[in-house]
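Colleague: Okay, here's what each chain looks like letter by letter:
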Amino acid sequence: MKAEEFDQYVRAQFENETVAPRAEVEDAVFASLSAATRKRRGIAAAAILLVATSATALWLNAPAPAPAQPDAPAPASTEVAVPVAVAPAIPADQPAEGVAPVASTPSDEPERTAPKSKETPAMDEHATSAPVIMDEVASRGLSGVELHATSEPQLQQLEGEKWVLPATVEVKD
Amino acid sequence: MEAADINLIEACKRGKPSAQREVYTRFSPMMFAVALRYTNGRADAEDILQEAWIKVFRHIKSFSEHNSFEGWLRRIVVNTAITHYRRNQKHAFQLDVDEVHATPADLEAFKELDFTREELATAIAQLPKGYGMVFNMYVIEGYKHKEIAEQLGIDLNTSKSQLSRARKYLQGILGNMSKRAQKA
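As they're listed, the protein sequences go chains D and W.
Going left to right, the first sequence walks through residues 388 to 560 as the working numbering numbers them.
Going left to right, the second sequence walks through residues 50 to 233 as the working numbering numbers them.
Okay, chain W solo, but in the shape it has when bound (with noise of 0.2 Å):
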């Protein structure tokens, strides 16, 4: 980490106003784009946002700089939208894994990716939300099975076992997309 980094979060420790700021409008793209992928819709994704933001400022005395900032961030959002989903869906987590029986493709049908951001965003929006939670975790934020299962309360073997399915899931839905965009 930069001096003037450090400098920035000393001064966002002491509850510098414009310190605050200035690290809001450095990190607020980063943190809404990670919440974005854990919810419906610009309107939670915001409501994760700004509850994150109160929750980094409010902790921040705690963040040692030692630690990489960003990724202290990415967690807060992360666990801001899990706690948001639990509190929104308390029993849709179970529900999203029971509906979804059919793996409609395999990874192995696809030699070559090439599919925009937009497109893999758009793809990942489409899964049942307790695969979604699993893949963006692992996937996207790289955390371990044991931390996905402690953080959505689920079993060590179903986080493996929805991962395998979301990246199944998944894949099908992509292959409905290049098939769609070669008949365009």
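So here's chain D without its partners, still in its complex pose (with noise of 0.2 Å):
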């Protein structure tokens, strides 16, 4: 018998030819795709929220959307700030213990009048609005702080971005 003939002879033997495995296998093949069903989804749904994550931390950490017009009314934070830090909790006919009597001179004094800005309407607001508080402070009558309030802040804008600080200068022999 040649080799071709006993080829033919066992193809032909095992052709159609069948064995029914057990149950059991069928459970685990049909266990074993959901389970991977089930991560893949799982994947996915991971994927989608990271990604969603992702997008709102950047839509909060991007830059603030561009000044207000000038008209456009001041925002309300505006409001707060400088009071706090001005309006100390002393009797306003007592003076405060181990403040000690500031000199007067203009150059001495601290200036916390912010200054002017022409891109920040709310740096405007806070400009203004010091001169007020300053008022305040006077009637509560502070001994031996002697307030220099100016009506108009230290810099001072000529043309363009150009800031400047008046000074005065003397020269000594």
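It is possible that some hints are incorrect.
Stated by the list, open to error - Heads up, simulated DSS-like pairs for lysine-lysine below, C-alpha to C-alpha not over 27 Å straight-line:
no. : chain 1 : residue 1 : chain 2 : residue 2
1   : D       : LYS389    : W       : LYS62
2   : W       : LYS209    : W       : LYS193
3   : D       : LYS389    : W       : LYS228
4   : W       : LYS217    : W       : LYS178
5   : W       : LYS195    : W       : LYS209
6   : W       : LYS228    : W       : LYS193
7   : W       : LYS195    : W       : LYS104
8   : W       : LYS217    : D       : LYS389
9   : W       : LYS178    : D       : LYS389
10  : W       : LYS110    : D       : LYS426
11  : W       : LYS104    : W       : LYS178
12  : W       : LYS62     : W       : LYS104
13  : W       : LYS217    : W       : LYS193
14  : D       : LYS426    : W       : LYS62
15  : D       : LYS426    : W       : LYS65
16  : W       : LYS104    : D       : LYS426
17  : W       : LYS62     : W       : LYS110
18  : W       : LYS110    : D       : LYS389
19  : W       : LYS228    : W       : LYS195
20  : W       : LYS195    : D       : LYS389
21  : W       : LYS104    : W       : LYS193
What the hints assert, rightly or not - Here are some chain W residues pointing at chain D (derived, C-beta under 7 Å):
no. : residue
22  : PHE76
23  : SER77
24  : PRO78
25  : PHE81
26  : LEU98
27  : ILE103
28  : ILE109
29  : ARG166
30  : VAL188
31  : ILE189
32  : GLU190
33  : TYR192
34  : LEU201
Claimed, not checked - Rough simulated footprint, nothing fancy, chain W against chain D, three-plus residues with beta-carbon under 8 Å:
no. : region
35  : 399-408
36  : 419-428
Since the hints were made in silico from the structure, they are not lab data.
Where a beta carbon is used, it is the ideal one built from N, C-alpha and C, also for glycine.
The two chains are supplied separately, each in an independent frame; assemble them into the complex guided by the hints.
Modeller: In structure tokens form, the structure reads like this:
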């Protein structure tokens, strides 16, 4: 018998051969499939969540929108700030202990008024509201503290973006 | 391929569970028979079958209706069996070949072949593992030597020589079986 004949004989014997596997194999196959599907869905959901979280974080950390127009109303937050720092809890008729008299030279006086800025309306609000607050401090009568409130801020804007600090220069002999 | 089969496969591609169950029920007995020929027992064959089905459903979108679905399934089972075999016995293949020197009988001795499928299956199962692999792939599954060599990671001539030896070895086993049957 030739090899080809033998091969054909064997092949014919095994044609359409079937053997039924146990039923447990089917359960195992479909359990594995559903586990894989669940895993894939979980990964997809996690990916979507991650993308959404990243997008939200980016949106929240994005730079502030362009400043409001000059005629636009100032934001409400500009009403906060300065009064807390300036108003001490001291009776109006008693001098504060440990507060040394401060020299009244204009150059030594710390200036608390905010510089005027043309870009931020909120800063303008501070600058204009500061003298009012200083008046309130004066009305409480803190002895030893001499107010040097000026109606104008120290920094003065000339043309464009140029700011100058007015100063008096004394030339000694 | 019939229209009903195409629809069934399309439903499987969409991941429809009832279609997957139906395909499994129809083709599992054929696939399990293939897996059994490449293993030593049912437990290993069941592992291969399970692994093969997971591959089938995972990659069914790549199947083209122009090809034979059964042929595609058989190839997946054979490839899975080879992977399983390599994983479990990395160096056994070469040892098998080296251990077998004798070729007990010659095909010329057989004038007529009168063996049942079970007898042939028993004889093939007694072949050294490497011989059995090559014999199954070439004779029963219809692989070419080039494909066998690539799949098993052996030389083309090695595949040819192993097939030749496998035939003779199988002939010897069948000869002994027939002698025992005559005595009985």
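Colleague: So, for every hint listed, does it hold in this structure?
Modeller: Consistency of the hints with the structure:
Straight-line distance between C-alpha atoms of LYS389/D and LYS62/W comes to about 45 Å, which puts the hinted pair past the 27 Å bound. Annotation: proposed proximity of LYS209/W to LYS193/W holds, straight-line Cα distance about 10 Å (limit 27 Å). In summary, the hint linking LYS389/D to LYS228/W is supported, as the alpha carbons are separated by about 21 Å, within the 27 Å threshold. Straight-line distance between C-alpha atoms of LYS217/W and LYS178/W comes to about 15 Å, which keeps the hinted pair within the 27 Å bound.
This hinted pair checks out: LYS195/W and LYS209/W have alpha carbons roughly 9 Å apart, not beyond 27 Å. Under the criterion of a C-alpha separation no larger than 27 Å, the hint pairing LYS228/W with LYS193/W is inconsistent with the structure, at around 33 Å. Distance hint between LYS195/W and LYS104/W is fulfilled; the C-alpha atoms sit about 24 Å from each other, no more than 27 Å. Only pairs whose Cα atoms come within 27 Å are accepted, and LYS217/W paired with LYS389/D is accepted, the gap being roughly 11 Å.
Taking the CA atoms of LYS178/W and LYS389/D, the gap is about 24 Å. The hint holds against a cut of 27 Å. The suggested pairing of LYS110/W with LYS426/D holds, with an alpha-carbon distance near 19 Å, which does not exceed 27 Å. Proposed proximity of LYS104/W and LYS178/W is supported: the alpha carbons are some 24 Å apart, at most 27 Å. For a cut-off of 27 Å, the pair hint linking LYS62/W to LYS104/W stands: about 13 Å separates their Cα positions.
Taking the CA atoms of LYS217/W and LYS193/W, the gap is about 19 Å. The hint holds against a cut of 27 Å. Straight-line distance between C-alpha atoms of LYS426/D and LYS62/W comes to about 18 Å, which keeps the hinted pair within the 27 Å bound. Taking the CA atoms of LYS426/D and LYS65/W, the gap is about 17 Å. The hint holds against a cut of 27 Å. Our distance criterion of 27 Å between C-alpha atoms is met by LYS104/W and LYS426/D, whose separation comes to about 16 Å.
Taken as a hint, the LYS62/W and LYS110/W pair is honoured in the structure, with Cα atoms around 5 Å apart against an allowance of 27 Å. Between the alpha carbons of LYS110/W and LYS389/D the distance comes to roughly 42 Å, so the proposed pair goes past 27 Å and is violated. A C-alpha spacing of about 36 Å is found between LYS228/W and LYS195/W, which places the hinted pair above 27 Å, so the restraint is violated. A hinted pair counts as satisfied when its Cα atoms are at most 27 Å apart, and LYS195/W with LYS389/D qualifies at roughly 22 Å.
Among the hinted pairs, LYS104/W with LYS193/W is consistent with the structure: their alpha-carbon atoms are about 23 Å apart, no more than 27 Å. Annotation: interface hint on PHE76/W violated; nearest CB of chain D at approximately 9 Å, more than 7 Å. Because the closest C-beta pair between SER77/W and chain D is about 6 Å apart, less than 7 Å, the hint holds. Contact between PRO78/W and chain D, as hinted, is supported at the beta carbon level, the nearest pair being about 4 Å apart and thus within 7 Å.
Taking 7 Å as the C-beta cut-off, the interface hint given for PHE81/W holds, the closest approach to chain D being about 4 Å. Proximity of LEU98/W to chain D holds as hinted, the smallest CB-CB distance being about 6 Å (cut-off 7 Å). Checking ILE103/W against chain D by beta carbon gives a least distance of about 6 Å; that is within 7 Å, so the hint holds. For ILE109/W, the suggested interface contact is broken, since its CB lies about 11 Å from the closest CB of chain D, more than 7 Å.
For the restraint placing ARG166/W at the interface with chain D, the shortest Cβ-Cβ distance is roughly 5 Å, inside the 7 Å limit, so the hint holds. With its C-beta approaching chain D no nearer than about 5 Å, VAL188/W sits inside the 7 Å limit, and its interface hint holds. Look at ILE189/W: its Cβ gets to within about 5 Å of chain D, closer than 7 Å, so that hint holds up. Contact between GLU190/W and chain D, as hinted, is not supported at the beta carbon level, the nearest pair being about 9 Å apart and thus beyond 7 Å.
For TYR192/W, the suggested interface contact is broken, since its CB lies about 12 Å from the closest CB of chain D, more than 7 Å. A least Cβ separation of about 19 Å between LEU201/W and chain D goes past the 7 Å threshold, and the interface hint is therefore violated. With 8 residues having a Cβ less than 8 Å from any Cβ of chain W, the region 399-408 of chain D passes the three-residue criterion, so the hint holds. Given a C-beta distance limit of less than 8 Å, the hint that chain W covers the region 419-428 of chain D holds, as 4 residues qualify and 3 suffice.
Figure legend: structure checked against the earlier numbered hints; hints not met, in rising order: 1, 6, 18, 19, 22, 28, 32, 33, 34.
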